[in-house]
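Enquirer: Residue-level listing of the chains:
Protein chains: 2
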Amino acid sequence: MKREHVKQMATASNIPSTPDASCPVPLHDYDRILLAHGGGGTLSRKLLMESVFPAIMNEHLSSLHDGAILTIGGTRLAFSTDSYVISPRFFPGGSIGSLAVNGTVNDLAMCGAVPQFLSVGFILEEGFPREELEGIVGDMRSAADASGVQLVTGDTKVVEKGKGDGIFVNTSGIGTVREGIVSDPRRVKPGDVIILSGDIGRHGIAIMSVREELEFGSTIESDCCPLHAVAAAVCGAAPDLKVMRDPTRGGLASALNEIAESACVGMEIDEQKITILEPVHAACEILGFDPLYVANEGKMITIVPPHRASAVVEAMRRLPESSEACAIGTVTVENPGTVVLKTTIGGKRVVDMLSGEQLPRIC
Amino acid sequence: MKREHVKQMATASNIPSTPDASCPVPLHDYDRILLAHGGGGTLSRKLLMESVFPAIMNEHLSSLHDGAILTIGGTRLAFSTDSYVISPRFFPGGSIGSLAVNGTVNDLAMCGAVPQFLSVGFILEEGFPREELEGIVGDMRSAADASGVQLVTGDTKVVEKGKGDGIFVNTSGIGTVREGIVSDPRRVKPGDVIILSGDIGRHGIAIMSVREELEFGSTIESDCCPLHAVAAAVCGAAPDLKVMRDPTRGGLASALNEIAESACVGMEIDEQKITILEPVHAACEILGFDPLYVANEGKMITIVPPHRASAVVEAMRRLPESSEACAIGTVTVENPGTVVLKTTIGGKRVVDMLSGEQLPRIC
Chain G
69 MKREHVKQMA TASNIPSTPD ASCPVPLHDY DRILLAHGGG GTLSRKLLME
119 SVFPAIMNEH LSSLHDGAIL TIGGTRLAFS TDSYVISPRF FPGGSIGSLA
169 VNGTVNDLAM CGAVPQFLSV GFILEEGFPR EELEGIVGDM RSAADASGVQ
219 LVTGDTKVVE KGKGDGIFVN TSGIGTVREG IVSDPRRVKP GDVIILSGDI
269 GRHGIAIMSV REELEFGSTI ESDCCPLHAV AAAVCGAAPD LKVMRDPTRG
319 GLASALNEIA ESACVGMEID EQKITILEPV HAACEILGFD PLYVANEGKM
369 ITIVPPHRAS AVVEAMRRLP ESSEACAIGT VTVENPGTVV LKTTIGGKRV
419 VDMLSGEQLP RIC
Chain H
69 MKREHVKQMA TASNIPSTPD ASCPVPLHDY DRILLAHGGG GTLSRKLLME
119 SVFPAIMNEH LSSLHDGAIL TIGGTRLAFS TDSYVISPRF FPGGSIGSLA
169 VNGTVNDLAM CGAVPQFLSV GFILEEGFPR EELEGIVGDM RSAADASGVQ
219 LVTGDTKVVE KGKGDGIFVN TSGIGTVREG IVSDPRRVKP GDVIILSGDI
269 GRHGIAIMSV REELEFGSTI ESDCCPLHAV AAAVCGAAPD LKVMRDPTRG
319 GLASALNEIA ESACVGMEID EQKITILEPV HAACEILGFD PLYVANEGKM
369 ITIVPPHRAS AVVEAMRRLP ESSEACAIGT VTVENPGTVV LKTTIGGKRV
419 VDMLSGEQLP RIC
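Residue numbers (the numbering used here), protein chains in the order written: chain G, 69 to 431; chain H, 69 to 431.
The set of hints was computed from the structure by calculation and includes no laboratory data.
The reader is advised that the hints may include incorrect statements.
Restraint-style ranges between C-beta atoms, simulated for each label pair [stated by the list, open to error]: (1) E289(H) with E228(G): 54 to 64 Å; (2) E228(G) with K257(H): 18 to 28 Å; (3) H375(G) with R100(H): 53 to 63 Å; (4) M125(H) with A300(G): 41 to 51 Å; (5) K114(H) with H375(G): 26 to 36 Å; (6) R417(H) with E289(G): 51 to 61 Å.
With a straight-line Cα cutoff of 20 Å, these simulated DMTMM-like cross-link-like pairs (lysine to aspartate or glutamate) come out [to be verified]: (7) K231(H) with E194(G); (8) K257(G) with D338(G); (9) K231(H) with E228(G); (10) K114(G) with D97(H); (11) K114(G) with D420(G); (12) K410(G) with D308(G); (13) K257(H) with E336(H); (14) K114(H) with E199(G); (15) K231(G) with E200(H); (16) K114(G) with E200(H); (17) K229(G) with D99(H); (18) K229(H) with E194(G); (19) K416(H) with E389(H); (20) K410(G) with E228(G); (21) K229(H) with D267(G); (22) K229(G) with E199(G); (23) K229(H) with D233(G).
Only a predicted model underlies this, so the values are computations on that prediction, with no experimental measurement involved.
In this text, a Cβ means the ideal position worked out from N, Cα and C, and glycines have one as well.
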């Protein structure tokens with residue numbers, strides 16, 4: 069990527085102040101919350117580590133997973149929560165409603181669970197149009213039906229005009245973890261194979277294009293979709309899989325960095341194996357984004373023992389959501405905690421974790 | 069209560085437009101969300117019935133409970149969610165942090181469950197003070213410890229300045245339902261006894277006094293507290309209890325009306341048996357509120373078969389949170405769906421459900 073050119077474009081365009089990981093937000097002490105604390109990168113983690121975890125650390129929280137695994141009555145349950153504040157609320161390929169269901173379904177699926185039950189919490193701003201609420205609820209129902217989950221309990225709060233932003237949605241979810249599956253980054257070992265379910269960067273660019281009213285030739289649709297079937301296929305093909313993870317906020321780069329750090333391993337991934345659709349690539353060039361850091365909402369990574377890799381890729385490719393699944397790299401002994409990208413022109417570069425915020429309110 | 073006097077005071081003071089149930093908000097069609105849709109009264113229910121439930125109705129949602137009962141792996145689980153948007157965030161007797169934990173603990177307890185695991189979702193406004201966040205998280209930890217629950221998974225989002233209001237907190241919770249307990253308003257039958265755990269109206273008045281900077285002689289503290297132990301005592305004394313419910317938004321009157329309607333029964337309650345602390349009573353007079361509609365955050369109602377009533381009251385009185393528990397009335401065949409109050413001066417009046425909003429953002 070011609071970074072100089074990209075930087076200039078980014079400055080010229082009306083985009084947030086932290087265009088990519090090469091411009092880290094300084095990790096100085098903060099006394100007020102920054103937008104970047106919600107970006108899913110190192111600043112988000114700093115906030116959790118310094119202001120939240122010290123008070124509430126326990127054995128469940130310590131794995132830094134998107135969901136907790138609880139044993140109740142002898143059954144292993146996954147339990148996950150996410151609030152959705154995405155702006156705009158409707159975008160090519162989805163809405164805050166479909167995203168709120170798919171996002172939590174995917175968190176449960178990444179825990180190795182069959183997603184079953186969801187709660188829904190709405191925070192509505194006074195004056196929010198009823199018709200829009202009903203559209204969002206309809207999208208939630210369709211998304212729930214598509215992944216076989218039930219919306220079983222809910223809550224609605226209303227805040228004064230100017231104290232919210234239309235609608236915020238929280239979904240929490242419960243699912244039963246599949247027999248024998250343990251999806252935990254700490255299980256990843258050198259030699260394991262990193263598999264990605266498809267092309268990256270579509271969700272972030274779809275949101276950005278609507279937000280900034282940009283056109284990139286054709287409409288770029290978000291990849292927002294449920295991953296329960298893909299995860300089930302992976303579990304079937306590799307019951308000894310190491311970890312599954314959906315690279316949402318912070319993108320592929322941040323997800324891999326988190327895993328590499330948890331497991332104290334290195335990773336080497338191959339740029340040539342990572343699919344980026346041409347319009348997404350072009351949009352990233354114009355906007356000054358590195359697609360490795362752009363959010364996805366319908367993609368997953370899995371890391372499996374080497375002897376399972378081809379069976380997993382094959383099983384994933386049978387499903388339309390992951391028909392382009394591909395092994396993109398391997399876990400290494402070298403450079404623990406670091407992800408290295410073999411570039412298409414034959415070089416190597418370190419792919420850091422996103423430090424701040426690439427796109428605020430992307431989910 | 070001298071209603072004329074009260075009305076004048078209410079008009080003179082800077083309080084919301086629906087001071088009590090005698091001034092119902094018209095139930096006309098709406099095309100935009102009103103603050104009153106969040107009040108926990110008939111308008112809240114209308115919103116759910118018309119805009120939410122049609123799309124997502126299922127057997128779990130249909131009971132209109134605060135929590136769903138799910139059977140997973142042969143174990144009955146309660147699952148509940150609540151978003152907290154209370155203003156101010158700190159108040160005499162608690163904070164949004166303690167409220168967010170106690171509120172969901174209580175919803176689970178009212179389902180007959182042992183509260184076990186909570187998720188936490190924060191929506192922070194850019195610029196929110198770190199110190200305040202840490203105070204709130206600390207309160208959550210203390211509240212969790214006090215009721216024996218663990219905060220096991222979480223999520224943090226940040227929205228731009230002016231698009232939120234400091235902090236909103238969602239908690240969702242899971243607990244195992246006690247063997248044999250079925251807390252369901254539809255089980256209530258004429259002859260059953262209505263028991264209230266203590267004095268009413270404190271939470272709402274505590275919030276109002278801070279919000280309006282009013283002083284009522286002494287500081288009125290919110291009753292915000294966990295009810296898991298009280299609920300356990302009730303379950304022990306009456307395994308065949310009919311229903312437990314915490315009268316939060318909409319107060320005692322709305323909670324009883326909801327149960328009367330679900331069960332198609334009447335209720336007669338005795339004003340003399342309902343404790344209202346003197347400063348709360350005085351504040352209600354000044355503000356034009358009917359204490360029957362004022363929110364509580366540490367009180368519960370239970371309805372039990374008549375032969376259990378004295379044992380339940382006795383068991384409750386052994387605990388400090390419910391040392392003033394009292395049978396306040398009975399379930400009747402007459403006037404199904406209606407709650408009648410025998411007043412202290414010997415008259416009777418119908419106590420309707422709150423229609424709109426008495427106090428916005430009370431929880």
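Enquirer: Each hint: holds or not?
Expert: Hints, one by one, checked against the model:
The hinted range of 54 to 64 Å is not satisfied by E289(H) and E228(G), whose Cβ atoms lie roughly 25 Å apart. Range check, E228(G) to K257(H): Cβ separation about 42 Å, and the 18 to 28 Å hint is violated. For the pair H375(G) and R100(H), the supplied restraint of 53 to 63 Å holds, since their beta-carbon distance comes to about 59 Å. Between M125(H) and A300(G) the Cβ separation comes to about 27 Å, which falls outside the hinted range of 41 to 51 Å.
Distance hint check for K114(H) and H375(G): the Cβ-Cβ separation is about 59 Å, which falls outside the suggested range of 26 to 36 Å. Separated by about 59 Å at the C-beta atoms, R417(H) and E289(G) satisfy the suggested range of 51 to 61 Å. The straight-line distance between the Cα atoms of K231(H) and E194(G) is roughly 13 Å, inside the 20 Å bound, and the hint therefore holds. Among the hinted pairs, K257(G) with D338(G) is consistent with the structure: their alpha-carbon atoms are about 18 Å apart, no more than 20 Å.
Distance hint between K231(H) and E228(G) is fulfilled; the C-alpha atoms sit about 11 Å from each other, no more than 20 Å. A threshold of 20 Å between alpha carbons decides the hint, and for K114(G) with D97(H) the separation of about 47 Å lies outside it, so the pair is violated. With a C-alpha separation of about 15 Å, the suggested pairing of K114(G) with D420(G) holds against the 20 Å cut-off. For the hint pairing K410(G) with D308(G), the CA-to-CA distance comes to about 28 Å; that exceeds 20 Å, so the pair is violated.
Straight-line distance between C-alpha atoms of K257(H) and E336(H) comes to about 13 Å, which keeps the hinted pair within the 20 Å bound. For a cut-off of 20 Å, the pair hint linking K114(H) to E199(G) stands: about 15 Å separates their Cα positions. Using a Cα cut-off of 20 Å, the hinted pair K231(G) and E200(H) holds, with the two alpha carbons roughly 18 Å apart. A C-alpha spacing of about 16 Å is found between K114(G) and E200(H), which places the hinted pair at or below 20 Å, so the restraint holds.
For the hint pairing K229(G) with D99(H), the CA-to-CA distance comes to about 15 Å; that is within 20 Å, so the pair holds. For a cut-off of 20 Å, the pair hint linking K229(H) to E194(G) stands: about 18 Å separates their Cα positions. Between K416(H) and E389(H) the CA atoms are separated by roughly 30 Å; this puts the pair beyond 20 Å, and the hint is violated. The straight-line distance between the Cα atoms of K410(G) and E228(G) is roughly 51 Å, outside the 20 Å bound, and the hint therefore fails.
Among the hinted pairs, K229(H) with D267(G) is inconsistent with the structure: their alpha-carbon atoms are about 34 Å apart, more than 20 Å. In summary, the hint linking K229(G) to E199(G) is supported, as the alpha carbons are separated by about 17 Å, within the 20 Å threshold. For the hint linking K229(H) to D233(G), the alpha-carbon distance of about 11 Å falls within 20 Å, and the restraint holds.
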